[in-house]
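A.B. asks: Sequence:
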Amino acid sequence: MKSASKFSMQTSGNGMGEVKQVCLDGCCPTPLLGLPEQRNPAVPKQRSAFSAGRHDFATTTSSSIFPNTQFTNHESLPSLKESFTEFTRVYPRYSDTVQVDELRSREYHHLSASNHTCLDYIGVGLFSHSQLQRQESSRSQQAGPSSSPLQKPDFPFFSLSYKTGSLKTRLLLGGEESQLESLMKKRIMGFLNISQSDYCMVFTANRTSAFKLLAESYPFPSSRKLLTVYDYESEAAEAMVNCSAKRGAKVMSAEFSWPRLRIQSTKLRKMIVRKKKKKDKRGLFVFPVHSRVTGARYPYLWMSMAQENGWHVLLDACALGPKDMDSFGLSLFRPDFIICSFYKIFGENPSGFGCLFVKKSTLPSLETSLAMGVVSLVPDENSLKPPDESSGTDTDIDRTYSNSNSFSGPIPVETHRGISDSEQQGTSSPQAGELLPPVKSKEPETSEIVLLEKTDGKAPQNAGNNSGNGNSELQCAGLDHVDSLGMTLISNRARYLINWLVNAMLKLEHPNTEGVRLVRIYGPKIKFDRGPALAFNVFDWKGEKVEPVLVQKLADRSGISLSYGFLRHICFSDKHNEEKLKVLEKRGNAANVAVWNKKDKANQGVRVVTLALSFLSDFEDVYKLWAFVSQFLDADFVEKERWRYTALNQKTIEV
1299 MKSASKFSMQ
1309 TSGNGMGEVK
1319 QVCLDGCCPT
1329 PLLGLPEQRN
1339 PAVPKQRSAF
1349 SAGRHDFATT
1359 TSSSIFPNTQ
1369 FTNHESLPSL
1379 KESFTEFTRV
1389 YPRYSDTVQV
1399 DELRSREYHH
1409 LSASNHTCLD
1419 YIGVGLFSHS
1429 QLQRQESSRS
1439 QQAGPSSSPL
1449 QKPDFPFFSL
1459 SYKTGSLKTR
1469 LLLGGEESQL
1479 ESLMKKRIMG
1489 FLNISQSDYC
1499 MVFTANRTSA
1509 FKLLAESYPF
1519 PSSRKLLTVY
1529 DYESEAAEAM
1539 VNCSAKRGAK
1549 VMSAEFSWPR
1559 LRIQSTKLRK
1569 MIVRKKKKKD
1579 KRGLFVFPVH
1589 SRVTGARYPY
1599 LWMSMAQENG
1609 WHVLLDACAL
1619 GPKDMDSFGL
1629 SLFRPDFIIC
1639 SFYKIFGENP
1649 SGFGCLFVKK
1659 STLPSLETSL
1669 AMGVVSLVPD
1679 ENSLKPPDES
1689 SGTDTDIDRT
1699 YSNSNSFSGP
1709 IPVETHRGIS
1719 DSEQQGTSSP
1729 QAGELLPPVK
1739 SKEPETSEIV
1749 LLEKTDGKAP
1759 QNAGNNSGNG
1769 NSELQCAGLD
1779 HVDSLGMTLI
1789 SNRARYLINW
1799 LVNAMLKLEH
1809 PNTEGVRLVR
1819 IYGPKIKFDR
1829 GPALAFNVFD
1839 WKGEKVEPVL
1849 VQKLADRSGI
1859 SLSYGFLRHI
1869 CFSDKHNEEK
1879 LKVLEKRGNA
1889 ANVAVWNKKD
1899 KANQGVRVVT
1909 LALSFLSDFE
1919 DVYKLWAFVS
1929 QFLDADFVEK
1939 ERWRYTALNQ
1949 KTIEV
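So the sequence shown is residues 1299 to 1953, counted in the working numbering.
Taking lysine-lysine and the PhoX-like style, the derived pairs with C-alpha atoms no more than 20 angstroms apart in a straight line are:
(1) K1483 - K1657
(2) K1461 - K1483
(3) K1658 - K1579
(4) K1484 - K1658
(5) K1873 - K1565
(6) K1379 - K1805
(7) K1548 - K1568
(8) K1568 - K1579
(9) K1805 - K1922
(10) K1884 - K1843
(11) K1878 - K1840
(12) K1548 - K1899
(13) K1843 - K1938
(14) K1565 - K1899
(15) K1523 - K1565
(16) K1880 - K1840
(17) K1579 - K1523
(18) K1548 - K1565
(19) K1880 - K1899
(20) K1548 - K1573
(21) K1544 - K1523
(22) K1483 - K1658
(23) K1884 - K1899
(24) K1880 - K1843
Rather than coming from a laboratory, the hints here were simulated on the basis of the structure. Since the model is a prediction, treat every value here as computed from it, not as a measurement.
Hey, can you work out the whole structure from these sequences and the hints?
C.D. replies: Structural data, given as structure tokens:
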């Protein structure tokens, strides 16, 4: 059997291309990935060909990688070299992404030097590690040999300063902004393909702040409904839900069918579509396109349906891939609000900021209410001054009020791999309501923003980087790298890696059992258009779940950063009723205590281990995780680590 089929097209008289063979390389994805194919009887071959292509990708992945093989002992796993050879045989076009490996080696060499695998980042980094090093080297040379060595700043390039006031007023009237902010806005809007003539934006402390800020300004008294589409517990979404409910909103949520966690389409359609005679304002529809926990992708058509029925649409773009906005088609859907977030440096500095975009035609509908959450990006004028450890930076801010994570905004570096990163794990912070600390007036930390003056009269390399006067450009090496790679290359690489990992995980089976799998995956499994995120649990030979927090801690000890989350809004059919009683857990209960209470449905779900691949992830990263998980095939290893975890976490009561 061939490892991959090639793709060819023949053009018919009507100009439509007919697929003759299946594309397993991912170079010809369906336009507007995730959009349900329209039932047009005039082009049945076109529709069936694309469907067949996606199906054949999954079939080939399942049948060609370790065919007819189950691994029952972690020592029986093929080596990294053997596995990679098999991987490239099935996905020969993976070699086309070699420039990612070269980029990783050149600009993010700290990933290999630290021997730590980062599988807890979703989103895009602004800068590269080498850019930080070059800037620090330049500063040290400017300081001179007689100067004392500068401390390495924990959070480089800029700090955050809070602004108070009305979101609506700030967006309508604008206000003073630094050259750094102006350049950063243009760079980000250019990167996301968002037109400055159609949208205005503000920086926020993180993703959660952006959600809460919008909830405080949205006119819920007149548009009373809030409808969200999340298959997991999100700190940001919960902040919006709590704030909206206090302001009188009727909160609703989509539900997801067990076990694949697909949207319950009939129920969601009933909530979106208004009755023909009514012309009332529906409210705010919050749509993520892609689950950052399970990797499920949702059809864009839901946004169009919501807009047609009078809803304002908020696109949560935080879980989109680095260049997914290029295929998103804002000109087709044009959501009223967009929220995204950026971290600073992949694998080292997960702090950053959020961005809230508001369509200018929607802006008048917002209420003028006092709110906090908008921030300024503050460069330090004295670039040679050592950083002030108590400067009121984003580090101090987040230690005060939030347990955010690498893909939703700033977090403390020393804890970004730990279980306290509640948003990354999908759990709510105990201080979720205390989102903003008092504004501090101390000096911001040292900034290392690079503003280059143009002296040769040539245009800057990166479109959208120019300042208003055209004399400066902002270097964001992380964004530049993503732009240079492009959407197709990044998407294909992630597709090969995540599907190989899913297949490999499902090949792990407990010995001396009747097909008891070690790993259970929630949501989509092997699938052409799944996202690069994965939710799973590990089970022992008796079928008992290993606590996700224990798996995360052990992974961290093995040099792998994972997260854990809480799946919610799960709908069980009658045939899965017995399974429902076994798998559902109550939020806040002791681990592995199954519970079902119809009256407390909102607080029930499933705890899971989660991971996310970035555009810099490579085969060694996913292989390393697979090898780590395979250790749980050893019953003695599981019992020993369970005992140690219980002993370390039991409470001591003095009598």
